[in-house]
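A.B. asks: Each chain, written out:
Number of protein chains: 6
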Amino acid sequence: MIVRPSFLWQQQTDGDLKIKDWIRYDDDTPHATMLGIPFARASISASGASEFPNAFRRTWDSFTPYYVDEMIDFSPYRLCDIGDVLLHATDVTKSHAMMEEAMMYVIERYDKSLYTTIGGDHSITAPLVRALKRAHPTKTIGIIQLDTHFDLRDFSQGRTNGTPIRQLVEEDIVKGRHVVNIGPHGFYNAKSLIEAAQHYGVHIIPLKQMRSLGIKQTVAHAFSLLDVDLIYVTVDIDVLDIAYAPGVPAATPGGMRSNELFSLLFEIGQRDITAIDFVCIDPLRDVANMTVKAAAYAYFTFIAAQQKRDME
Amino acid sequence: MIVRPSFLWQQQTDGDLKIKDWIRYDDDTPHATMLGIPFARASISASGASEFPNAFRRTWDSFTPYYVDEMIDFSPYRLCDIGDVLLHATDVTKSHAMMEEAMMYVIERYDKSLYTTIGGDHSITAPLVRALKRAHPTKTIGIIQLDTHFDLRDFSQGRTNGTPIRQLVEEDIVKGRHVVNIGPHGFYNAKSLIEAAQHYGVHIIPLKQMRSLGIKQTVAHAFSLLDVDLIYVTVDIDVLDIAYAPGVPAATPGGMRSNELFSLLFEIGQRDITAIDFVCIDPLRDVANMTVKAAAYAYFTFIAAQQKRDME
Amino acid sequence: MIVRPSFLWQQQTDGDLKIKDWIRYDDDTPHATMLGIPFARASISASGASEFPNAFRRTWDSFTPYYVDEMIDFSPYRLCDIGDVLLHATDVTKSHAMMEEAMMYVIERYDKSLYTTIGGDHSITAPLVRALKRAHPTKTIGIIQLDTHFDLRDFSQGRTNGTPIRQLVEEDIVKGRHVVNIGPHGFYNAKSLIEAAQHYGVHIIPLKQMRSLGIKQTVAHAFSLLDVDLIYVTVDIDVLDIAYAPGVPAATPGGMRSNELFSLLFEIGQRDITAIDFVCIDPLRDVANMTVKAAAYAYFTFIAAQQKRDME
Amino acid sequence: MIVRPSFLWQQQTDGDLKIKDWIRYDDDTPHATMLGIPFARASISASGASEFPNAFRRTWDSFTPYYVDEMIDFSPYRLCDIGDVLLHATDVTKSHAMMEEAMMYVIERYDKSLYTTIGGDHSITAPLVRALKRAHPTKTIGIIQLDTHFDLRDFSQGRTNGTPIRQLVEEDIVKGRHVVNIGPHGFYNAKSLIEAAQHYGVHIIPLKQMRSLGIKQTVAHAFSLLDVDLIYVTVDIDVLDIAYAPGVPAATPGGMRSNELFSLLFEIGQRDITAIDFVCIDPLRDVANMTVKAAAYAYFTFIAAQQKRDME
Amino acid sequence: MIVRPSFLWQQQTDGDLKIKDWIRYDDDTPHATMLGIPFARASISASGASEFPNAFRRTWDSFTPYYVDEMIDFSPYRLCDIGDVLLHATDVTKSHAMMEEAMMYVIERYDKSLYTTIGGDHSITAPLVRALKRAHPTKTIGIIQLDTHFDLRDFSQGRTNGTPIRQLVEEDIVKGRHVVNIGPHGFYNAKSLIEAAQHYGVHIIPLKQMRSLGIKQTVAHAFSLLDVDLIYVTVDIDVLDIAYAPGVPAATPGGMRSNELFSLLFEIGQRDITAIDFVCIDPLRDVANMTVKAAAYAYFTFIAAQQKRDME
Amino acid sequence: MIVRPSFLWQQQTDGDLKIKDWIRYDDDTPHATMLGIPFARASISASGASEFPNAFRRTWDSFTPYYVDEMIDFSPYRLCDIGDVLLHATDVTKSHAMMEEAMMYVIERYDKSLYTTIGGDHSITAPLVRALKRAHPTKTIGIIQLDTHFDLRDFSQGRTNGTPIRQLVEEDIVKGRHVVNIGPHGFYNAKSLIEAAQHYGVHIIPLKQMRSLGIKQTVAHAFSLLDVDLIYVTVDIDVLDIAYAPGVPAATPGGMRSNELFSLLFEIGQRDITAIDFVCIDPLRDVANMTVKAAAYAYFTFIAAQQKRDME
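Protein chains in written order, with my numbering: chain A, 54 to 365; chain B, 54 to 365; chain C, 54 to 365; chain D, 54 to 365; chain E, 54 to 365; chain F, 54 to 365.
Chain A extracted, bound-state conformation (with noise of 0.2 Å):
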């Protein structure tokens, strides 16, 4: 980089410290990576989930490393950006491989942090698992699922993004009992989909049972059900509302506000968790950019959390 005169720049600020001034590029032992994942071909319905990773980028000259609903500061947490997946345009059981190879790398890499990926759709969960059980074979792995969808689809169709929790239960990666979705409601998983839930022994906490039994008490829940060593937490973001998340590909009506799902994340965000991802956020039928906001939001209310609880 020149160097120019003061009055030439290559951003205007508010002089605030934002997200962008505070992620890191290249931090050998930060609190958490975060890995983009540009991916969308094994969405059943069409997506444009693949430019998500680049749009929740764009948020951070929004956002601040500071709470304030909690008053916390994380700026002393550490977030480095690790770049995006390569990923092939046409072979889905090749980029799959591919994301698997990349989760393998990072944990290697940085093996004290928590792995954060930023999706793509949900079919990217299953390679990201599977790494981290190939990295610690012997560990039982947990899984909290917010989502409206089961994702218990079988493989005729190949590993949509309909299918993650069924190939890591089938697999016997994660226990279908070590599997807690926390969110799903309306009319949106056919009853095959609910046999399969029962058939695997995963647990389903509806929306409206999340509503009668209180945020913390759901999580208090889940986690009592996940006798495991390491937990992996998925957010596909159409366990949101319709109205505060139109910018997924199935979006529908009937689903969380988005204040839940920051307390949800804010709980959880407060245990030991391995890794998290965010997943099915469609910027290009986005409204107001509301639904990439959203997602942004989540992410930083789970980091926020992370750093309370190191602060403790």
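No lab work stands behind these hints: they were computed from the structure.
Misleading hints may appear alongside valid ones.
Since the list gives no way to pick out one identical chain from another, each pair is judged satisfied if it fits inside one copy or across any two copies.
Claimed, not checked - No farther apart than 35 Å at their CA atoms in a straight line, the calculated lysine-lysine pairs in the DSBU-like style are these:
1) Lys147 to Lys192
2) Lys244 to Lys71
3) Lys361 to Lys228
4) Lys261 to Lys244
With the hints as your guide, set chains B, C, D, E and F onto chain A.
C.D. replies: The following block gives chains B, C, D, E and F in isolation, referenced to the frame of chain A:
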């Protein structure tokens, strides 16, 4: 239909039983009929509500007959789409008569079924209830109305969508005290209409009161007021907040959240209901199709509740 | 106006008394004045808030002076639209001075009225309160601020919409401890601004705290902190969640639901308030006009509360 | 209007003479009258064309009475907005009669003026021309129609917006051979309507033919076909391509570019014209207000041409 | 289908013969077949082109089989919708094979017909032409391509929508010199692709050149270059300007106006054509449905031209 | 930048040389500099033109340095993005001074280059040309302006975007007769501004005149009027028709088609030009990003023309 080789088909599917697969078109003894009324010519404000019956049908490839929140499989429920009413393009009075005759036919032809109607603007409720009274002249009819507005305007501008309740009360088809309107809020009913409500004895439960009572209690209270033989439910989707339902002709802030509407309908749907209509959804000014989807969600929540009641 | 035959008119109507019929333009002793400030040039981010005063006026054909939730008829209330302030197209300092002089004139001319102002960006609050202080130099002034942001930035970039509270506190027009900000949330105030709030003694009630206290208790608590003679309320509509208010320059997730804002204003409006402003609504980026309508709804909720207080 | 200090005003201005400043409301001998007909109830497809008269008026703060392309100052031209016709909310026949009476009044009251009408859907043309014939029973009337459609449907569905030309021809108010329709294109007129055009002798100049003739020659040709006393021009904005005019009820590709429409109207406007209407603009489904603005541009191009003709 | 009384029907109609009434589903010897390929998984950029076959079908209620510009009644033409190809949700190679087999079946089953295909992304052209070659191994095939892009990318990312022409040339199914691409413009083909076009001998007629030649001459020139037995036409709707076709995955300014595309297809359609496809229309990001409608208009212009040719 | 394994990268690519790969950031002797001015505070109407420099940069991943229409490879051309000018958030006068100083620096630092500037609103042209005059005090400067407006307003409202040409002429930096404005049309310049143009001797070539002359002849004519040493080109994107450029603060119908603008710039760009700016693009109100893309297309057309000129 000619036979085609297996690699040619009419419609992609993900293998689930969807509403489009489950709906019936030629059942003589269905649990419920579904009649479309593509009519918006009596709407005071410009309205594309005539587009809703088909917009509703197009949602059927994304809904399944299984309600996750309450784990209700309503696939045994038999719902028969009997088509749309033929209407006149410019003669409102004639169109209203055509609806009334169609409803008479439906009541006689499917005499054991629940009658569901998909509007259309709110003016359709008057001919539909009039037909119900003609078919059951000795029965008393009560109305549960979910609406931002009272619909008690006078007839100086004809039988607009602002008049159906007044029509029915003035014609003594329904007693004013047998109408309970849940959900009015804000600044959308002039004082003269408040006075009309008082004059006719119509029960108004403003949204704020509904929230302080609770939804179950509100429904119980509403039914306690209705000492009648038959109950007709009319759902004006403009009762929803504009953030959840921008696609109505007169969308307002300060309305119900969609989950409140769904809860109301789940409570109401577990009771003996003779007929229900859904009106004033304008797909032409919807955002992200969210209003159309919310109305469909409301409809199937009611059906799921009916199924639950049948099971018990 | 020339006389015309009865079949020619200027505006279609449905016969109800609407705000447009009820508003006054030439009342010398109104209960409240309404002053427009079509000014957005001090906004840090690009803003069309200068379009709001007229956008607000255009909502008046769909609102009536009757508040159904509380059954309050505020048609006896006399609200006088006294027009917009003349401003300079490029000189921000001069425009701020013009606003201050206009407010001085209004306070003197209508000395018994409530002063309501329709912005405009948030920078207008400083000259408005400055005028109030000039008119009442011996009175102490307290501020209730409903806002996502603290507006405590320094003046290195001039008197932007990020600075009004700091201007007033630094000029000793208002004590820091006489400012209560309800609603901040999320990641939109840098740590340096938190520190500024602490330095000046400004009270911050984050949204999460407001929700755990309850709205009535929050308002009671806020007023208990304000041992002052005059209370000025400033409502930055960006306090609302982006799902309810996409039409603000810096819309965020995680904000208030509009019904919470309405409840706050109904509580606040039942107290003695000297002046109120509504700022930062950008009609140019609104979706389905929902933000403009929500701001209008908020405004009339406050007026209804004032009417209720006058009646008691 | 009360007198106010100079720093208070009702409307920001940039100092130019705008249409809103130039328009007259009470001129007894204007060059032209402007009558609004906020009516869309006879539209076959859902239409918000009733919103256009006011949407048209709202463009007046961005247009000036000076036409740069031809350097025509039409500020001396006196255009008088005489308001909107009072209509019935549900009775189409009655509303059409009300329009006819209003037009009769206008013709008598302003007997030397050009009569311009702002619709509304295309059904309004029939009562307007009917009134013209009643006022001038011995005069022959010719119609220049700019339209994608023929509007020659039969009356089985009443006097819809698809019927006005057929009404006038069947009632012998206008001879079929005295109608010239410029602009039909594509796939939007069924063969039966082509046959009707042939039957009645209506002249059809498809868009492709207009383009190969050239605009001046097309207009000259059209006028050569009209051996009549009075000429009525009707402009259905749906003659424009959907890229230029998405805000019409049945927008189509393959239509005119807006500059072609403007050139047509500039040619036509330099001739003796008795009356003109602009119909089928739906502001509710417009994109970026472009259709409303194009219709306003077309209107003022015609006025500029009239001024040019008056000057010569 | 059960018999219903005349006042009940499935679909409102205005009485005209519409495409939806005219289209055939079970004709054994149609003039043309229509095959849908709801496939977008090989698109380099995110694409909802898989939604187009059904979006195309939904336009059929607003088009008639009569082309006004040329007064062509193509209702005698027999067009048979033979449905969509069954595809695999994640395996691109398998899906391409499924398309090829479907096309083989269609060619054999309907051996005298014109084959029209509705995509889908542009990758579908390769398997379709491959099938044509398999069915006619001794015939030479020429391609008229209307496209902004060359589609000559290499296969390092698989058989993407950027590769179909290269696939066909490299497999010697079509000679490079038997490909004429009309319409490339702007900055959307890298120099390496220009070099590839030169290497393979593909003829490029940039849009600017087409405009200086004229459309008839361009088409005559293109056909003069194609000394082949069978001609395949492929229409990538992204050849249109973004103002006319915002609903494509990579919309660009500087493209064709839609009337130019229609004229091209009217010229081409009067020649002997074996097959045609329309690709890369993404209904999910369309504005006012204008791209979908433009593609349908293009399709029927071609059909009208075929009818004209049959008549002569 | 740390070294990463090959499967991790920062940005997906399709392998082509894109503008983002070709652009330079630290070239000392570029053919052209690109300076961003994210400034919209002097715009009379609300404007987000401050967002354009970065919106322009974001288009660089979809454009290549090869212009197909004219087969020009401009990859040898060296274009250096030197960043954005630092501005003041509220002081317009100061910001204009900062731009002028930045331009002085650029002219001195890169004294052999073409100076391109990306606005911002049109007020930026005055300080830019002022700097050019300061750097070359003995040279005469001519301006080619492509604009719907004259920008000859007086300074009663300060140095708004309606004033730059008047500023330069009144300060005698540019003679009125050395300004040629191509493209004004319609009703957007008041008579007083026409008179100002005549007073200063500014040449106005309305769009209609440009079309009758032809683009090459118009450009030749414009240059024949400019007997000057240096030529500055200013492109106000609002010269385009609203169908092509909805994303400008005052979009109008009746403007240029984008291909006309591109042709103008291709002609102009083959001449000796000292500097060029592109102003008044508002990405916040764009539709489908089409205005941003059109402005980028215009920019690169000009660069391609410069390359062609350098080659010859």
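A.B. asks: Take the hints in turn and mark each one as holding or not.
C.D. replies: The hints, checked one at a time:
For the homomeric pair Lys147 and Lys192, the shortest alpha-carbon distance inside one copy (26 Å) is at most 35 Å, but the shortest distance between copies (37 Å) is not. Taking the shortest Cα distances, Lys244 and Lys71 sit within 35 Å of each other only across copies (10 Å), while inside one copy they are farther apart (46 Å). In this homomeric assembly, Lys361 and Lys228 come within 35 Å of each other (Cα to Cα) both inside a single copy, at 30 Å, and across copies, at 32 Å. Taking the closest pair of Cα atoms, Lys261 and Lys244 come within 35 Å of each other only inside a single copy of the chain (18 Å); across copies the shortest separation is 37 Å, beyond that limit.
When the structure is compared with the earlier hints, no violation turns up for any of them.
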